[in-house]
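Novice: Chains as they are written, first to last, in this note's numbering: chain U, 175 to 304; chain X, 2 to 233; chain P, 78 to 321.
All the given hints hold, so there is nothing to weed out.
Derived lysine to aspartate or glutamate pairs resembling DMTMM-like cross-links, with alpha carbons at most 25 angstroms apart:
| id | chain 1 | residue 1 | chain 2 | residue 2 |
| --- | --- | --- | --- | --- |
| 1 | X | Lys91 | X | Glu128 |
| 2 | P | Lys146 | X | Asp160 |
| 3 | U | Lys274 | U | Asp262 |
| 4 | X | Lys165 | X | Glu190 |
| 5 | X | Lys72 | P | Glu316 |
| 6 | U | Lys228 | X | Glu173 |
| 7 | X | Lys221 | U | Glu270 |
| 8 | X | Lys56 | P | Glu316 |
| 9 | P | Lys89 | X | Glu128 |
| 10 | X | Lys165 | U | Asp211 |
| 11 | X | Lys72 | X | Asp101 |
| 12 | P | Lys80 | X | Asp101 |
| 13 | X | Lys72 | P | Glu85 |
| 14 | P | Lys146 | X | Glu83 |
| 15 | U | Lys190 | X | Glu225 |
| 16 | X | Lys110 | U | Glu215 |
| 17 | U | Lys238 | X | Asp177 |
| 18 | X | Lys125 | P | Asp142 |
| 19 | P | Lys146 | X | Asp101 |
| 20 | P | Lys317 | P | Asp142 |
| 21 | X | Lys91 | P | Asp142 |
| 22 | U | Lys190 | X | Glu224 |
| 23 | U | Lys192 | X | Glu214 |
| 24 | X | Lys219 | U | Asp267 |
| 25 | P | Lys89 | X | Glu123 |
| 26 | U | Lys289 | U | Glu299 |
| 27 | P | Lys160 | X | Asp65 |
| 28 | X | Lys219 | U | Glu270 |
Derived, one-sided and incomplete: chain U residues facing chain X with beta-carbon distance under 8 angstroms:
| id | residue |
| --- | --- |
| 29 | Asn179 |
| 30 | Gln214 |
| 31 | Pro220 |
It is worth saying that the hints were derived from the structure and are not from the lab.
Computed from a predicted model, the values in this text were never measured in an experiment.
Note that beta-carbon positions come from the ideal geometry of N, C-alpha and C, so glycine has one too.
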Amino acid sequence: MRFNNSTPIYLQVIDKLKADIISGRIGLGQKMPSTRDLAQELGINPNTASRIYKEMESQGLCFKKRGLGTFITESDKMVQKIKIDMADQLTADFVEGMKKLGFSSEAMVDLMIKKVNYSETEEAENESSC
Amino acid sequence: MKAVVELNNVSKTYFKKVALNQITLNFAKGKIYGLLGPNGSGKTTLMKIVAGLHKHTSGSVLVDDQPISYKSKAMVVFMPTENYLYPSMKVKTVLQYFRDMYQDFSIAKASGLLEKLELNAENKVSELSTGLNGRLKVALAVSRAAPVYLFDEPLNGLDPISRKIVRNLIAEAAGDNNAVIVSSHLVSELEPILDRAILLKDGSVALNEGAEEIRIQKGKSVEELYEEVYRS
Amino acid sequence: MIKLIKYELQKKYRMFAAVVVATLLANIFLIVRAGEMGLAILAGLLGVGLLVLYSVDVVKMYSRDINTKTGYMVFMTPNSGYKIIGSKVLTALIQGFIILVFFSAVLILNSTIVYGFSGEIRFFDMDISYLQFISYVAIILVALILYLVQFVMTIYTSITVRKSVLSNIKYKGVISFAIFIAINYITAQIYAGVDHLFNFSQINGVASPAELLQVLLPPMLTATALCAVFILVSGYLLEKKINL
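Just need the whole structure built from these sequences, with the hints factored in.
Specialist: If you want it as structure tokens, here you go:
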């Protein structure tokens, strides 16, 4: 995994893991690698790997089964919550970014609707051409 | 956290030159330290003192609570940046040498690493390319099991693939029972595996902070901070 | 200690092999071509050649380790400076012994070829038994080895001083050489003193091997004692004052 060394690595990894959970790449209840293995896979420090799991545990994303290791949450509700949180964050970033560019609320919404329509038509075209 | 290496007001002077100036540093088990700085900042001198190859001029150096002596070398693994193996020795003889000289050396582990690192036991050291030499040095170091590991510029002169292999071997060597200290002037490649970054400037400690803490609190990478410190 | 010596000797393997091969070739050439005269030439050439080779190799054994990075292989091991120097001295003695045996074997072999095997050897005007001859040679060569090693130790010590105490000083090469000269002057005085003290009897005529041993024993013991002193001094400097 490639890192941006200027922002906390543990957060970058957690974001990636969240994305993997949402996309299904990591299944609910799946066993996660040990902290050492995780560190080795990603090329990070083992203590950072511990921090990742600790943080995720506090957010309810995973839990430890004593003697067996760390497991992803089995709760689908949790996954939905992550999705909503991420979507929320994406939107907040969007709004802030647009504000900085000087867009008004209506202009923002207009642009967004345009983009949504455009992507829907693109999808339709792709399906029909297959 | 117990310090396995303690430097207290350690100075090293050569006649007129001051290589290390009143350095006080503690290295704890279970952590990976980056000893960073440009050439001449004192990184190698500091490592060689802990390795017992140089004598400090003043201050105290403790390894595992004992004042440093030739016995400390049994607890310290030092990987020099230079190619230091006898050119006419075969790789397999080098492994036998290490097994005979160091009680904590696992020849089984080293032999296992040879294949993974594309090293041929029958080759003479002089026949190895720079990249293979670099890999061999690290393989020897990580096949020892000691409380202190010192890697001096382990990525120097290596191709990208060798660098990645070496970096991973170093990270793997780190465990709860040892302290790993890596020196480098190539910071970005090393950053993700570091617990703490120690920056040396002109023989003094300019910075000693946790790597993630730097990112969290200052919003900068260790490399960016490094550039700031040395620009002035 | 034994391990250190083992690896030192292992490193010399190629040199030993080359010497054996070269000697064999020279031997065949000289004896076949020049017979008796060839034996004398062989003895002379081999003697001088081995002496020079030995001295250079023994000095290199230490100077290489202390002056180049390959020395890290030895100096990173958990061995005290005394042990490291001691191992090199013992290696030098063993190496000297091997060369001694080799030299003697070559000469004895060749002289039986040239002279045939009789119980005696003509040595100038005297007939001496083989056993006596060997005893003489053995005693002289052992004394020679001891002295040579002691002499090499003066070189080792000078090198160590240069690398430790003098390491920051400008003219360290010159100064260490001056120290080398001084040390040897002092040892020469010591030998002279020992000789004056112990050998008041002159040997007249042909000395028996036992008498030869009696004369040579004091300087041999002196050489051994001096070696011990130099090992202690160099070892101390390596432990406390060296920066590699």
